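Chains as they are written, first to last, in the working numbering: chain L, 500 to 1086; chain G, 500 to 1086.
Honestly, the hints are just simulated from the structure, not real lab data. Careful, some of the hints might be misleading.
Pairs involving identical chains hold if they fit within one copy or between any two copies, as the list cannot separate such chains.
Dumping the calculated DSS-like pairs for lysine-lysine here, alpha-carbon to alpha-carbon at most 30 Å [unchecked claim]:
#	residue 1	residue 2
1	948	921
2	946	921
3	1057	946
4	738	903
5	730	948
This structure is a prediction, so every number in the text was calculated from the model and none was measured.
Number of protein chains: 2
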Amino acid sequence: MVSFGKNEIIILFLSISLMLGTARVFGEIFRRIKLPPVVGEILAGILIGPTILGRIAPDFFSWIFPTGTRIAFSIEVLILLGVTFLLFIAGLEVNLTSVLKQGSFVLLLSAFSIAIPFAMGTMVSWFNPGLFGSTANKVALSFFIGITLSITALPIIAKILLDLNLIKTDFGVQLLSSAMINDIFGWLFFAILIQLIETGAVNVPTVIRTVLLTIITAILILTLIRHLINKTLPWIQAKTAWPGGVISFTIIIGMILASITERIGIHAIFGAFLAGVAIGESPHLREHTREIIEQFINNIFAPLFFVSIGLRIDFIEHFNLFLALLFIVLVLTGKIGSAVIAGKIAGVSLRESLLIGSGMSASGAMGIILGLFALQFNIINPETFEAIVIMALCTSLLSSPLMKFFMRSKEQLSLIETIDSKLFIPALRSRTAGDAIAELSEIAARKIKLDGATIAERVLERESLMSTGIGDQVAVPHARLSEVQKSSVVIGISEEGIDFNAYDGKPAHLIFLILTPLSDPDAQIQLLCEISTIFQQRDIREEILHGTTFSEFMSAVKMGYYMNPNICATPKDIDRLRRESPEKRQG
Amino acid sequence: MVSFGKNEIIILFLSISLMLGTARVFGEIFRRIKLPPVVGEILAGILIGPTILGRIAPDFFSWIFPTGTRIAFSIEVLILLGVTFLLFIAGLEVNLTSVLKQGSFVLLLSAFSIAIPFAMGTMVSWFNPGLFGSTANKVALSFFIGITLSITALPIIAKILLDLNLIKTDFGVQLLSSAMINDIFGWLFFAILIQLIETGAVNVPTVIRTVLLTIITAILILTLIRHLINKTLPWIQAKTAWPGGVISFTIIIGMILASITERIGIHAIFGAFLAGVAIGESPHLREHTREIIEQFINNIFAPLFFVSIGLRIDFIEHFNLFLALLFIVLVLTGKIGSAVIAGKIAGVSLRESLLIGSGMSASGAMGIILGLFALQFNIINPETFEAIVIMALCTSLLSSPLMKFFMRSKEQLSLIETIDSKLFIPALRSRTAGDAIAELSEIAARKIKLDGATIAERVLERESLMSTGIGDQVAVPHARLSEVQKSSVVIGISEEGIDFNAYDGKPAHLIFLILTPLSDPDAQIQLLCEISTIFQQRDIREEILHGTTFSEFMSAVKMGYYMNPNICATPKDIDRLRRESPEKRQG
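Working from the sequences, and respecting the hints, build out all of it.
Now the structure itself:
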């Protein structure tokens, strides 16, 4: 039996408050200046870590973060739970069907983004072992540097996508799937490395066993276990106090699957992530339950993990600029280069390849964990470890501005500038989603140089991935077309309602067909954001269902803009507004 | 920097899952058999603790709960956070205004419930020191036994009140305020005791300083800090991502105030509790934010604390029946006796005094923490420590049945307890009201000793007075029968809809046949009120029309209860609830 001392409790609570408080303040500042909050949270860690606070007020610093004590360990427990839970909620948001349909680009990207940086790292280290650590362990050292460069930072990528509200977009799904496959292989390599260090040789049967076990576990979780969860959820909802029973159940599943993947030899976070995917797939998981889990984890646990990165090291002492730059350059060229090559082969545009490559280049958060082991076994020197931490920070800091840079399109077209009286059907004849899409596509064909049937086909193709009924009687069938240069939105109103398979089971009365240029992924996101923001407001929706003329429709849309100043100014708004919507809250 | 080993992560995650899983399963079982879930959670701890699991599977037990390791310490961290957060959410629910209006009874009760058990404990121990520990520390020992008997178990009382949904009632407020004042003094005494042990004497100025500081802090938190929080909340809600910013802010305030009260010398949980009260008082704290915080803490953190009590000790080994019974008898007579005396003076009825005394008699949860210190300083022997733990468990187990016993009034049967999978027709064959009543009556006849035709006749008789289609697709044919002793509700779902002559002209899809005893007019009103409250909500109705299994139906009904806490507590509520319906609440 263990017991806390009075001072331990005081310091522990204050250090958690300091971590959470600065993380949130910096996260909010970054959100306001349109940068991902997670970058602010990492910087908050540097501020209250040994680098700044440790220099300015060393006594206070060593009082509130006493190294090697039970307080330090307590914080470590929360950080471990933080990163595990974070991956769990990232998984909840992932749509399995769209991952499975991604196909060759994701596979190519994962393969290249492991192989190329790994080759670069091993080579550099093989010819200059003295730079990174002891020459005695040349094989292990080169192997380690290769892994460090090839492994991405899944938690940071997931958080950036959550923050930018991109996790459900095609781009988000591609990036997250590639990062996950990439990192699973990274951890498999690492399991091999540990064997190499401990026994001096690689045991091929064990390696094969680990690889097979990983694949089997992932498949089992995403098929059998997913099926069982889906069958069990309604029973739990019926038999236990709601939503409490479901909250406990999902977290327990997450922790058990996390311990299984940890046991296999890859990190616990993968099990938590896969558990999230399996649970999030169930139509029985209600929005309200998901919201409670995500909000608490996102606002209490996750910031502790991100702020802890900066706490781990003094970024000024023992700083080796050359090593740090070398790592950063290797990661950026390796990751972005792999994406460009994979994109070239898969026929993806250069801009999109650069975009996804920038996302993949957020590295090192896991490298820090690997680095701790390597340091312990005297494989790398402290300078290398520091350089890895700095690389982790810089690439995480760089990745989202880079993404924003490549995402930037010419002008951000807003809904109000896109709608057009010629693209407005006050009374749809269709009764099914397919017919409605055909009817709207015919109208769209008046304005773009494509025939209605082709447009409808592309939209239905997208629809088959995931239906676009977004609830609240609104549906947003959409497609990105290489043939168009300008976005169009065709609006159809159905008095009877058309089933678009919305999560709330309600038929859609307002159908927006959104056609955007393939070259401008942002246009789609912007229009989706504005439509969902404006039309989730029941007052506005009712205004429209009752009035049918185009000018009445326009006046309702204007009211929407009036009621939501700065609408969708940052992508995160979509999220905030969705969460504030009264109807959805009941989920 | 500390790092977890692979096995540590696996075992930690599995032990947390085991604790949380068994706690929730037993909690749910207890909820079903109408006992407070917290009692189930404590028993779950005994089951997976050294007493049962440690005996049946000692190897597994010492693998999953390895004592003295970093894993054990990690769990301890979560338990500490669990109890602190639990008191925080209990505070959120407390209404300060009603506490301040309590007046003399609460003050008298707090005073007596400290003084009397303290006097009893000190006396018994003074004359029989050998029974409890070493005679060398007779003063400290007697002081300790006195404190142990006088201190209540604030977390358990808070949880019982939350579970029984009594925390906002006058009774709940009285009990919680008395317990808090009582426990604050208990901890003040304990601070004095530690001084006595460490320095061998009591330093009067220090004691006075601690007492004054406690009072000043409590007043400051409930006035100035409460005011500042109330001023700050709207700003945070406006400037930060909602509800995330508020969630982080409130938890940070809770932890900072917790560390302040810990610093003063009373336990951290008081600061967390007072922080909860101060924050909960603000009208700016939205229901949605409160819900996220409460649900996550109640379902993830709190169970870990309660299950941990049973983990701490083997209840069979070194079991001293006499000591345990002595403690239990002393606590029960001391606490209930104090309440009766305080009630007598304040002019409170005997039943109410007995009720509140039963609540106050939940003791020992804090006594365990005190006992750990006392054991460490060799003041008490292990048998005494065990007896305290057993006393803690037994009084916690006893307190709620005792409360229920003294609370017992006429049984108010609720819809959820009345419906039954045997009285459920997922697809009615009938097309007319008369046929439907006959079809439902046949099913009813399976459970009550009347044939279907007779039941149908009585119901139709009532129906002829006024049709029972209450609109919103719901019909409630009903009858009061002298032949039945217990209410029954037969549920039928009709896909096509049956005309029950509702005022809104819509056919009924959900038909409830309500049969109640002639002797209990309230039963019918209660059931009608609950049915109309729940099923007037379109979301819930649609949920049911789409799903047809009984468990899906149950889960929708539960959602209805969840969305309407205190449903139909008084018949007037029907009206109030309609006005406060969740959609409107946001407005």
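Hints, one by one, checked against the model:
1. 948 - 921: Within one copy, since 15 Å is at most 30 Å while 62 Å is not.
2. 946 - 921: Within. Shortest intra-copy distance 9 Å satisfies the 30 Å Cα cut-off; inter-copy 60 Å does not.
3. 1057 - 946: within (24 Å within a copy, 51 Å between copies)
4. 738 - 903: Between copies only: 23 Å across, 46 Å inside.
5. 730 - 948: neither (47 Å within a copy, 37 Å between copies)
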